[in-house]
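Here's the letter readout for the chains.
Number of protein chains: 2
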Amino acid sequence: MNNFQYKNPTNIIFGKDTIAKLAEEIPADAKVLMLYGGGSIKKNGIYDQVKTALKDIEHFEFGGIPANPEYAVLLEALKVIKDKEITYLLAVGGGSVIDGTKFLAAAGVFEGDTPWDILTNKKPTLQAMPFGTVLTLPATGSEMNSGAVITRAETKEKLAMGGAGLFPAFSILDPQVITSIPRRQLVNGITDAFTHVLEQYMTYPAGALLQDRFAESIMQTLLEVAPKVLEDPSDYDAASNFMWSCTMALNGLIQKGVPTDWAVHAMGHELTALFGIDHARTLAIIAPSHYQYNFESKKEKLAQYAERIWNVTEGSLEDKAYAAIEKTESFFNDMGIDTKLSKYTNEFEGTAEIIANRFTERGWLGLGEHQSLKPEDVETIVHMAY
Amino acid sequence: MNNFQYKNPTNIIFGKDTIAKLAEEIPADAKVLMLYGGGSIKKNGIYDQVKTALKDIEHFEFGGIPANPEYAVLLEALKVIKDKEITYLLAVGGGSVIDGTKFLAAAGVFEGDTPWDILTNKKPTLQAMPFGTVLTLPATGSEMNSGAVITRAETKEKLAMGGAGLFPAFSILDPQVITSIPRRQLVNGITDAFTHVLEQYMTYPAGALLQDRFAESIMQTLLEVAPKVLEDPSDYDAASNFMWSCTMALNGLIQKGVPTDWAVHAMGHELTALFGIDHARTLAIIAPSHYQYNFESKKEKLAQYAERIWNVTEGSLEDKAYAAIEKTESFFNDMGIDTKLSKYTNEFEGTAEIIANRFTERGWLGLGEHQSLKPEDVETIVHMAY
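Note that the protein sequences, when read in sequence, are chains A and B.
Each residue of the first sequence is one higher than the one before, counting from 8 in the working numbering.
Each residue of the second sequence is one higher than the one before, counting from 8 in the working numbering.
If you're looking for bench data, these hints aren't it; they were derived computationally from the structure.
Be aware that a few hints might be false.
The list cannot tell twin chains apart, which means a pair is met if one copy fits it or any two copies do.
Unchecked claim - Once the Cα atoms are required to be at most 30 Å apart in a straight line, the calculated DSS-like pairs of lysine-lysine come out as:
id, residue 1, residue 2
1, K163, K129
2, K235, K327
3, K28, K14
4, K91, K347
5, K89, K130
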């Protein structure tokens with residue numbers, strides 16, 4: 008097991024009808040900016056629940072944060088924060104709204120030339136405005152971690168930020184919100200969370216027995232509840248396990264003491280930036296090719312995953328490892344997620360080269376748990392995913 | 008799944024040679040009281056490591072906190088805290104030293120008549136002096152939770168306290184400390200952590216699939232590493248998994264959203280208070296009888312535990328459930344832990360009645376996950392454990 012440091016101070020308030028407790032978590036004298044997305048919260052009742060909870064706290068609103076939170080839109084929100092002298096941010100949404108809010112929390116106290124520097128200066132964000140979240144879409148784990156990914160349409164870039172200052176002060180997780188989520192987004196959430204676990208697990212054996220089992224526990228639970236959630240999103244038992252699994256998949260715990268990969272995300276982000284493909288779907292496109300390409304260095308963990316998650320007991324270690332990749336791809340396919348880039352765009356030719364070039368230009372030293380994947384490897388993997 | 012609230016702000020610094028990082032976690036202008044136990048840290052080198060790390064920070068020492076931290080001894084330490092105007096506490100030890108330090112952290116700012124009120128007023132401790140820990144004995148999880156248990160020899164009482172103010176600011180977990188722990192204490196640690204998981208798991212199915220699997224992950228890992236740790240405490244892989252499992256067994260995570268029992272601890276504490284039996288051993292004495300006595304209400308989870316932890320696949324649900332109790336008792340016995348009170352004392356007659364009477368006198372409304380166990384049930388369970 009590798010050395011690690013772990014601290015996660017986010018206060019999780021989980022369960023039925025917990026949105027009503029919102030005001031208890033925000034200082035009474037705060038000046039709040041409530042941030043949300045495309046307006047679905049106005050149809051499903053969450054907006055009203057939040058407004059009711061905030062009735063005695065001074066607050067403003069900023070809606071319209073898009074999926075893949077867009078820098079230009081966030082700059083408009085930043086203007087509101089400055090103009091209204093906002094002291095507390097409240098994200099009401101999924102990963103995109105929460106990530107956008109994290110950027111704003113950092114930008115609200117940033118003293119550099121331009122807030123874009125937060126994304127490019129490679130410095131951890133240690134100071135930020137306080138903020139909380141009301142999660143409306145389980146998937147990214149952003150409600151209990153200190154990372155965010157921001158998109159800039161102008162330059163077709165999607166960049167990550169993070170740091171100890173970016174943990175939400177609190178997050179409210181009411182599994183009842185799942186009832187009104189469209190199937191497409193539920194499928195994305197399941198795929199996103201499952202792949203988050205894979206990124207922190209599918210590397211090489213590192214003697215971290217408990218972390219491996221925790222990762223496997225999350226995957227087993229997602230596999231168990233996925234059909235139930237998709238069949239009936241109002242199944243509270245299934246919804247609550249789905250929601251908690253998504254949070255635990257990326258709240259930092261399972262990555263402690265182990266090597267992590269994240270190459271699937273790095274390549275996937277480029278597909279979203281280039282083609283606007285849903286984040287989760289880009290992961291499902293890249294993951295099978297990535298595991299095939301890196302088969303030799305990952306086969307021990309692939310085989311363990313085959314045995315413990317997919318109950319593959321027959322065959323050699325390699326047989327099991329291959330079966331695991333196939334079963335993972337089938338899992339995505341069975342939920343209606345295509346795992347080939349050509350199913351999403353006719354303009355796929357040349358994508359592998361474009362992405363490889365971007366990595367070269369950014370001066371990346373190497374992707375994957377060994378930091379060994381060069382732009383030419385990326386090119387091959389993306390090509391395999393056509 | 009039940010509603011829950013979860014926040015754990017302790018900063019964990021885990022791994023090889025991490026004690027050297029101690030000073031980074033303590034304010035430079037702090038006036039520190041370093042608290043420790045019977046002096047084993049002076050033999051195994053931990054004392055020297057801590058002193059070296061603290062060389063630039065003003066600090067005092069208080070040694071001699073006994074196993075089952077004794078109120079009278081802690082009052083002496085409290086006097087030092089007041090006299091020296093200590094601002095920060097540092098526990099260097101196992102659960103007893105850490106629990107004692109938590110009591111002192113609370114007592115240092117307590118404004119009631121007598122510090123004993125902290126144990127008896129049934130109020131959560133929200134304010135306390137800041138403190139950190141250097142864990143020398145994995146077992147209790149106290150290094151990452153907000154609870155403590157204090158003993159008072161004068162009245163043969165052992166009482167619990169807790170509250171959000173009692174999370175350590177940081178805890179340093181260096182698995183290398185295990186190398187010098189005597190076998191008896193290692194066995195106690197394994198038993199204690201394993202029973203902690205059982206207390207939060209062995210109730211009734213509550214639809215908390217992920218929490219169940221996390222609990223099972225910890226038990227599986229403890230079972231896997233126990234023989235290795237006992238065979239060779241310098242096996243770092245085994246030691247690190249043992250240490251992290253003990254912490255995760257009682258840092259609050261696996262109890263969220265599920266019913267918990269804790270009757271084994273409640274009865275066990277009495278055996279320690281009456282006879283001075285090691286805490287972990289009292290749990291091993293009580294647990295089998297407790298599960299047998301409450302078989303009907305626990306049999307579903309006992310059977311799940313039998314299947315997933317002990318690989319019992321044959322027989323009826325009841326058969327599996329019984330087998331699970333037997334296997335648990337054998338696990339303790341195989342490590343050299345006796346599971347009958349009469350193996351520890353010849354004075355066992357009447358113990359069941361004494362303990363039942365104590366519960367009656369304290370006005371306990373009922374033990375267990377259903378709060379349904381009355382003093383007469385306690386009497387029967389303890390009797391079964393003779």
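Practice task
Indicate which option fits the pair K163, K129 if close means a Cα-Cα distance not exceeding 30 Å: within, between, both or neither.
Solution key: within (19 Å within a copy, 58 Å between copies)
Problem - 30 Å Cα threshold - placement of K130 relative to K89 - result: For K89 and K130, the Cα distance is within 30 Å only inside one copy (23 Å; across copies 42 Å).
Problem - Alpha-carbon proximity between K28 and K14, which holds within one copy, between copies, both or neither at 30 Å - result: Cα proximity of K28 and K14: in one copy and across copies (25 Å, 16 Å).
Handout entry: Alpha-carbon proximity context of K235 and K327, limit 30 Å
Key = For K235 and K327, the Cα distance is within 30 Å both inside one copy (27 Å) and across copies (28 Å).
Problem - Within, between, both or neither: K91, K347 at alpha-carbon 30 Å - result: So K91 and K347 fail the 30 Å test inside a copy (46 Å) and across (69 Å) alike.
In summary, the structure is inconsistent with hint 4 from the numbered list given earlier, while agreeing with all the others.
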